[in-house]
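With these hints in hand, go ahead and build the complete structure from the sequences.
Protein chains: 2
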Amino acid sequence: MKSADRGTLRAAAPPAAVLADLSERELIARIQRRLPSPPDWMTVGIGDDAAVVEPERNRLEVLSVDALVEGVHFDRAFTPPDAIGHRALAVNLSDLAAMGATPRLCLLSLVLPGGWPVADFEAMLDGLLTLAARHRMHVAGGNLARSPGPLVIDITVSGTIKRRQIARRSGASPGDELYVTGSIGAAAAGLEVLRETGAAGEGPCATRYLYPEPRVRLGQLVARNRAASACVDLSDGLADAVHRLAEASGVGAIIDDDALPVEPAARDWFSRQSSDVSMRAVTGGDDYELLLAVRPRARRRLAQVTRHSGIPLTRIGVCTAERAVVLRCGSDNEQRDRPMPGGYGHFR
Amino acid sequence: MKSADRGTLRAAAPPAAVLADLSERELIARIQRRLPSPPDWMTVGIGDDAAVVEPERNRLEVLSVDALVEGVHFDRAFTPPDAIGHRALAVNLSDLAAMGATPRLCLLSLVLPGGWPVADFEAMLDGLLTLAARHRMHVAGGNLARSPGPLVIDITVSGTIKRRQIARRSGASPGDELYVTGSIGAAAAGLEVLRETGAAGEGPCATRYLYPEPRVRLGQLVARNRAASACVDLSDGLADAVHRLAEASGVGAIIDDDALPVEPAARDWFSRQSSDVSMRAVTGGDDYELLLAVRPRARRRLAQVTRHSGIPLTRIGVCTAERAVVLRCGSDNEQRDRPMPGGYGHFR
Numbered sequence: 001m002k003s004a005d006r007g008t009l010r011a012a013a014p015p016a017a018v019l020a021d022l023s024e025r026e027l028i029a030r031i032q033r034r035l036p037s038p039p040d041w042m043t044v045g046i047g048d049d050a051a052v053v054e055p056e057r058n059r060l061e062v063l064s065v066d067a068l069v070e071g072v073h074f075d076r077a078f079t080p081p082d083a084i085g086h087r088a089l090a091v092n093l094s095d096l097a098a099m100g101a102t103p104r105l106c107l108l109s110l111v112l113p114g115g116w117p118v119a120d121f122e123a124m125l126d127g128l129l130t131l132a133a134r135h136r137m138h139v140a141g142g143n144l145a146r147s148p149g150p151l152v153i154d155i156t157v158s159g160t161i162k163r164r165q166i167a168r169r170s171g172a173s174p175g176d177e178l179y180v181t182g183s184i185g186a187a188a189a190g191l192e193v194l195r196e197t198g199a200a201g202e203g204p205c206a207t208r209y210l211y212p213e214p215r216v217r218l219g220q221l222v223a224r225n226r227a228a229s230a231c232v233d234l235s236d237g238l239a240d241a242v243h244r245l246a247e248a249s250g251v252g253a254i255i256d257d258d259a260l261p262v263e264p265a266a267r268d269w270f271s272r273q274s275s276d277v278s279m280r281a282v283t284g285g286d287d288y289e290l291l292l293a294v295r296p297r298a299r300r301r302l303a304q305v306t307r308h309s310g311i312p313l314t315r316i317g318v319c320t321a322e323r324a325v326v327l328r329c330g331s332d333n334e335q336r337d338r339p340m341p342g343g344y345g346h347f348r
Numbered sequence: 349m350k351s352a353d354r355g356t357l358r359a360a361a362p363p364a365a366v367l368a369d370l371s372e373r374e375l376i377a378r379i380q381r382r383l384p385s386p387p388d389w390m391t392v393g394i395g396d397d398a399a400v401v402e403p404e405r406n407r408l409e410v411l412s413v414d415a416l417v418e419g420v421h422f423d424r425a426f427t428p429p430d431a432i433g434h435r436a437l438a439v440n441l442s443d444l445a446a447m448g449a450t451p452r453l454c455l456l457s458l459v460l461p462g463g464w465p466v467a468d469f470e471a472m473l474d475g476l477l478t479l480a481a482r483h484r485m486h487v488a489g490g491n492l493a494r495s496p497g498p499l500v501i502d503i504t505v506s507g508t509i510k511r512r513q514i515a516r517r518s519g520a521s522p523g524d525e526l527y528v529t530g531s532i533g534a535a536a537a538g539l540e541v542l543r544e545t546g547a548a549g550e551g552p553c554a555t556r557y558l559y560p561e562p563r564v565r566l567g568q569l570v571a572r573n574r575a576a577s578a579c580v581d582l583s584d585g586l587a588d589a590v591h592r593l594a595e596a597s598g599v600g601a602i603i604d605d606d607a608l609p610v611e612p613a614a615r616d617w618f619s620r621q622s623s624d625v626s627m628r629a630v631t632g633g634d635d636y637e638l639l640l641a642v643r644p645r646a647r648r649r650l651a652q653v654t655r656h657s658g659i660p661l662t663r664i665g666v667c668t669a670e671r672a673v674v675l676r677c678g679s680d681n682e683q684r685d686r687p688m689p690g691g692y693g694h695f696r
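First to last, the sequence lines map onto chains Y and G.
Note that my numbering has the first sequence beginning at 1, numbered continuously upward.
Note that my numbering has the second sequence beginning at 349, numbered continuously upward.
Any given hint might turn out to be false.
[As the list claims (entries may be wrong)] Label pairs and their computed distance ranges (CB to CB):
id	chain 1	residue 1	chain 2	residue 2	range
1	G	PRO522	Y	GLY310	55 to 61 angstroms
2	Y	LYS162	G	GLU374	31 to 37 angstroms
3	Y	GLY47	G	LEU383	29 to 35 angstroms
By construction, these hints were calculated from the structure, which means they are not laboratory data.
Fair warning: this is a prediction, and the values are worked out from it, not measured in the lab.
Glycine included, C-beta positions come from ideal geometry on N, C-alpha and C.
This is how it looks when you write it as structure tokens:
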């Protein structure tokens, strides 16, 4: 019996290491091993009570924080660990992009279940650090804590900007035209595709949901060219973004239903579900595109942004003195206005 | 029956509002209502995609992040909501204190269960914002997310410091004396008192656990007087702090057991449990005192820090060239060295 037992033990595959098998120090070492050498402006990096950095001369600092919570913002069943890391940083980069800032550093606060496989933890870091490197963003510090429940990745980002280039939400005036970058609806359709097909989910929509590309470069070009009177990102969908920009600016908006740049694969998906394609596209979140308000006389500057970024910008509507936000369908002869639906309610 | 039903409905107390009853916007408004007017250097505050702040001239920026997780760092059964808010900020202020920094701003990332009473949310904010105001720290931004599990309060803090005043972990040399602020063991004893007696827990130890006072002013005085060669805070206990300081500095340490400033009420508590008082005091976390390494010739500067801060500093040991970290008991004739236990393992 004894030797048979030993045989069984030898034959069994070694259990996959989970986070609880490692000390906090070992986990931090695994993060540090993946980081490039710190830049000159990082006076004290990871490993002390706090990081110390030199501010950039003649620049203001742009700060934002955003958390990705398992079971709320992602589902481990169909979100590969590298996509979790990518998305956690992407949502923050999108906030910097919406201000027109240049990314500089981030702090990672990771609240992780002890049963999470170490291999998944490393893959998550890969996704996160690959995106960080692409945007020349350095990890200045962070924190590790055990979670008795969901996995939470909370990231604080810091970027820089010149004072006169800040793109706020509140600068739009009646008559300003509204533009959106790229296409909408893809991530919402992708989430549904993934939910239905599980981890096998592929195609343009699933990819857009899993690996969103924050519009950092375009945001910087908008800021440098002072092309926009107001800017906001589409984290919670276009409808929500229009409401937020309109409210902050004290204007209303008419959005042209026919002009919406709905991602073709998403349009197909929503049509197959017999859904109202426009409604689904404007309420779907996670697109991380930018919504811009542009003075009519700044159109030429916006054209330069499009040319230099290579990213399409679609005129989707106009700001109005009348405070309502409406979605307009049909031609001039047969116009029909619908109120723009509200945004995503995080607690309701 | 109908009128009786109505009577019952009228008589019943209205259900306590929970977070899920409110929209994210309403919750943010409740935070904003409590904030003082933003300082001049905050160019864009709460309500845009990101905050924009002016760096302080001729200062470096000190950044840290720390999360408080329900079920890991606190238990709602005996931690009142205002103490949750207080502690969440205090642990971060303690990191700034350990660097010698002056607090400036924070970002609040709140991951909250939908069933949390709104009144508790407001009390948590009270505790947090009262401590923030005391340290002239401004809320620059944040994020709200729903939690499907534990309550998580993640705070990023930013402070400022002059380059030559930074108090790192790594500056200690053999022969430097080790000092600790205030007293130790109180929070660990307090946590046990609270666990045994529940919400009724009172007394100095419970208070120290619930409302720790980060040594911000003392840390700044240490930095300005350049009184310490190295500094670290005691978030995970004195034993852990000595190990971290020694390792970062490449030294060992001998800690004098008899010199440990164990809080008298904690000493009583541990004695009644028939515990090894010193072991309990050095391994107990949550004290948020500071451990300083001080060159013998800087003793006078340290005396000035004590005088100006009003906080006692106790000499507890010395740094050694020999890398071991030991706890030394007994007199010169009968010395007994024990290895200093390891720190708190967050994942093990």
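These are the hints, each one checked on the structure:
At about 59 angstroms, the CB distance of G/PRO522 to Y/GLY310 agrees with the hint of 55 to 61 angstroms. A beta carbon spacing of about 35 angstroms between Y/LYS162 and G/GLU374 agrees with the range 31 to 37 angstroms that was offered as a hint. Hint check: Y/GLY47 to G/LEU383, Cβ distance near 33 angstroms, so the stated range 29 to 35 angstroms holds.
The structure fails none of the hints (numbered hints given earlier).
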